[in-house]
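Starting from the known structure of chain A, arrange chain B on it as the hints suggest.
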Amino acid sequence: MIDPKYRTDDHYDDDLSMPPSSPSSINSTINSTIELVNKNLAKRYAAEKRFQVYGILSIAFGLFCLLLLFTDIISKGIGAFTIHYVQLEVTFDESVLDINDSSDAMQLALADYQGVVREALKKRFPTVTHRPERRRLYSLVSNGATYHLQDLVQEDLSLLGQTRTLWVLLDDDVDTYLKSREDRSGPFIGRLKSEQIEWIESLYKEGEIESRFNRWFFTSGDSREPEMAGIRGAFIGSLLTLLVTLALSFPVGVAAAVYLEEYAPRNRWTDLIEVNINNLAAVPSIIFGLLGVAIFINFFSMPRSLPLVGGLVLTLMTLPTIIISSRAAIKAVPPSIREAALGIGASKMQMILHHVLPLAMPGMLTGAIIGMAQALGETAPLLMIGMVAFVVDIPTGITDPATVLPVQIFLWADSPERAFTERTSAAIMVLLAFLIIMNTLAVWLRKRLERRW
Amino acid sequence: MTISSLFAVIAVLMFAAYACGYQRSISRATLVGGQRHLHSLPLYYGLLTSLWCAIPSVLLIGLWLAMDDMVIQHLVVQSLPLADQNLPEAELGLLVNSVENYAEGVTNLSGERASVIAAAAERLNELRGLSRKALTVVAVAMAVVVAVIIWWRISPEVRARNHVERVFRVALLLASTFAVVTTIGIILSVVFESIRFFQSVPLTEFIFGTHWSPQIALREGQVGASGAFGSLPLFAGTLLVSAIAMVVAVPTGLMAAIYLSEYATKGVRNVVKPMLEVLAGIPTVVYGFFAALTVAPAIRSGFGVIGVDVSAESALAAGAVMGIMIIPFVSSLSDDVINAVPQSLRDGSLGLGATQSETIKRVVIPAALPGIVGGVLLAVSRAIGETMIVVMAAGLAANLTANPLESVTTVTVQIVTLLVGDQEFDSPKTLAAFALGLMLFIVTLTLNFIALAIVRKYREQYD
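Keeping their order, the protein sequence lines are chains A and B. With the working numbering applied, the first sequence corresponds to residues 6 to 458, in that order. With the working numbering applied, the second sequence corresponds to residues -8 to 454, in that order.
Do not take every clue at face value.
Which chain B residues face chain A? A few, computed with CB under 7 angstroms, are given here [as the list claims (entries may be wrong)]: (1) 166; (2) 173; (3) 285; (4) 346; (5) 410; (6) 411; (7) 435.
Quick caveat, the hints were computed from the structure, so don't treat them as lab data. Predicted model, so just to flag it, every value in this text is computed and none were measured. Ideal placement from N, C-alpha and C gives every residue a C-beta, glycine not left out.
The shape of chain B in the complex, shown without the other chains:
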């Protein structure tokens, strides 16, 4: 039986258990003088039975599925001829792989071990079938038996509602830990692969090296495949692109926020603000397309008029478009903090005879500065982590340059190029992506942390 049909069976059993539990509670109650003698509504007795029916067997199925591959593999390896069992680990892994592929009908047999593989594959399929059958029987039996026991024990004194609510509460608690589990998952996955990477490439070379070319030589003495992992040019490129984005986004976003919150009438504000926010809702792949096919050629021909040669994948194009994307981000965050500045400060300044712009420049902005800095830091972290724009509009070659007209590459571009397509998980090339991801995660997390702390601290001041 397939897993989905097994779940369907359990769902049916749950309904049945619900109905039985519901009926049983009523019939038990009538014996002692009516429904009012029940501790909980009949519905809760039904729910209790049905939950007990499902939870143990679903847990069992999960556990079984997580374990059975390992157990089956172990049994298949044991069924191999002794000579093959004692192969080195890597070769044994390959053998097991080819057995699995043959068993699933992906590959045809060839080579010396054909008969061994065929026999092992047969055993594998046999064991898999057996495991599935056993799982079906055990899971369904468990569901039925547990439900019957609970059903048998239903009586007016059972505090069904409290039990059911406790289960729900645990479920809610589990849901709330998802975010923490995700973070732990991110940290674990990135850190473990990075440790494996740093076993083959020293940390100092990764951080301070100025040469990046992740191609590993497939054969001895291959040209241009040195496998150098100096990430400095990547971080320099990331910084350059982010800096250009900030140069575009911060003044524009800040001035837009100031105008909208201090000068604009309510009508203008209601129209313009959502329109600016549309910019933030456009998918980044669209910006990437815009940067690569419209902005980059325009910059190229624009500079071509004055005789300056610009790379087709210039940092300027990617950075400028990224800046456009971040404008609403900066403006809505600044808008919030500017609005949080108390009106009395403005009134005081205006009362002393300052003009409105002087009030804004000398009173409102200084008062809002921590919040604005926090917002800008969040925007920087967003720019550093932005992927699609740079993948489509920035280059692949790692140049260590500060010239915005040249092509640079960024951390995110390299992560994508290293990981897209088929890869093995033990080559330094793939693992390098995780090391870069770790760096990216640390940098953005630090920036977010500082920014959120600043914003929060500032908000408390005027409340």
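Only chain A is shown next, with the shape it has when bound in the complex:
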């Protein structure tokens, strides 16, 4: 049977075998073909141009999204690195503090530092006398101020009975108002009342409010009060989780890669392992969360929210990545080096440990760093093993309840306060900074140490 394609060719042959035409008519056929081509040429060049423009537009769209994402996050989050303080004349009056024996640590811890702050506010605004008004006045200052005063007194007992000019932390509503003061759309008032704004403005005009570096953000754990919430707890939690992940996944991953590259016979079992690793690398991370819940939490009844359990789940998740990159690194070591080692009498294990692994190490480290970067940004499986708990204390070990940076971001993103939105973006900036550092390190390591044969 004749393929239809060839039949059309036959058809053309028929055309050509038409009665011989005069030279001029051949010329005219050629001319008409050229004309035809020329006629279409403009159109085809336009199509070419259009096609290229589509390509450029696609790339521009991708880069634009990247730029938009970064500017959006940075413009939202940059404010969280500063915070407003107010200057107050604080008198550490023992009667207000309710301290009669300054050597009693319990009394110092339980003293009414809030009262001292309130007295100072009263003194600053003597005209405010009504109770509800006073309450509004007190709410200008953060609860965090009391901890600050407590620290001061516990450090230096001679402060008792004296008056000091101190800078104390303002409430997040006030802070947000002050930060949005210069906005074109007008300041963000939120829950503030008009008299509160008057007080803030008067303090601001007198220069008694100052914007300073927000050390709370880097030194404290999570808090219900946005002005005191920080990423330190989540950061340490991430660090501990990553430590567990690295300690487990790197040795196991390298060992698996060595076995598969150097020892494994080519048979069905090895093929199965290989297909398995490739598929596992593409399994959605939430499935690893289910695995963690079913095996570690339900079956082994481990407690929730531990960096240890989080690290175990992330180990299973990053293992395929590490195995795949380690195998590539081992494969890149030329066989001549192996043969030379075996030739001078090294055993296979000696050849691997003394020659192959040191030469493949940069590649394997690069893979490990990329795997760790992946694990650092992972959220879903950790949500499911309970790392979403509200943890105020900063974890000190892998068996302390903790949360991690991405989960902290998720938690804060859910909070309605505008100050939390700001902190979410700032936490994202910190997270992205770490990811960028890790990826740059990986690229640098690859460029610097990888040898090409």
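For chain B alone, coordinates are given in the frame of chain A:
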């Protein structure tokens, strides 16, 4: 002794065993005329002793810890009064739980069984202490005895290196099976819980039901807590969000890949490609935040201008942002297959007078098509399994709709909402998450399998 200090002791013993084995091999060798008579380097005799010192006792500790809770629980139950021993299983479990909680000082005692619980808790603590002490003694003794036996048997004829290497080889083999074990673990955990789920909810209702509301009535006749498990709206929502993501990602990613591999100069390529790949490295929680707080309000106000009401948690916002995330994924996979198309095909087409774009459209893309399809399938599986973006930007209500401006929910969102927080492992609500996980696993695994097969088959063609 705590477990970590027990391990510390064993580590110290290992070092000691290493040193002893090392010394012994040398001293035995000098008897027969020097180190050259040893089969292996002294280091291997040290390693052999130290491995034998550690492995049996570590195995013992693992086994002991895995078993002792069960044994102790059994003994405590036996120490209970006979009436309590014959309680139904569920009640007995509760009783054992309260004994454990009291023993750990979590709860205070109250109620009728206070004295029973207190006595049992005391017994529990006593047994636990005993078990720990016994473990310490047995583990350390085992480590020392085995090490001494090995040490005693060291002689120049012992093939220490071969033994040590065999142990290492087994360790490597075990490491390589981790991936398989993980897969089996996933399958087992998801399948078992799913079977339990399907015992209470029929499979047909789960797959074909159109109503999803997993709240189970806590008391009789509670309003709005019917406990319906029809997963169709979830899959429809997942498909809708993934389809939107693909509409964004596939044309953009493909065109970007074509431009970068066919038109762009090397300099442009070296700058643009890593920048696009940054998009793939950004954590999904960041995209979720971006979708929920920037893109969704923007879409809402954008459509508000033309008078269309958009849900605050529209599928469009989640899908579009997911698409942005997947762009580099599609583009780098397509880039690979486009580069694998032999240059001779391009040259042939160009030689016939085709323009470059005609060559790409009629020659390069058709030749690369299987690989591109494989890449797109991988991207689809990624979109289906994506969690954080939809958790933060898509809704919770299960609507069966194809309107991208409405709010939909997805499989992954439901898994997260069902499992986050405290839960019991026997309510259908929790088990439903595993059934959804099973579906998700099957779907993504199938897609990955097909995609990888296509990609692999295609790659072999031009090699």
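Unsatisfied constraints (hint numbers, rising): No numbers; nothing is violated.
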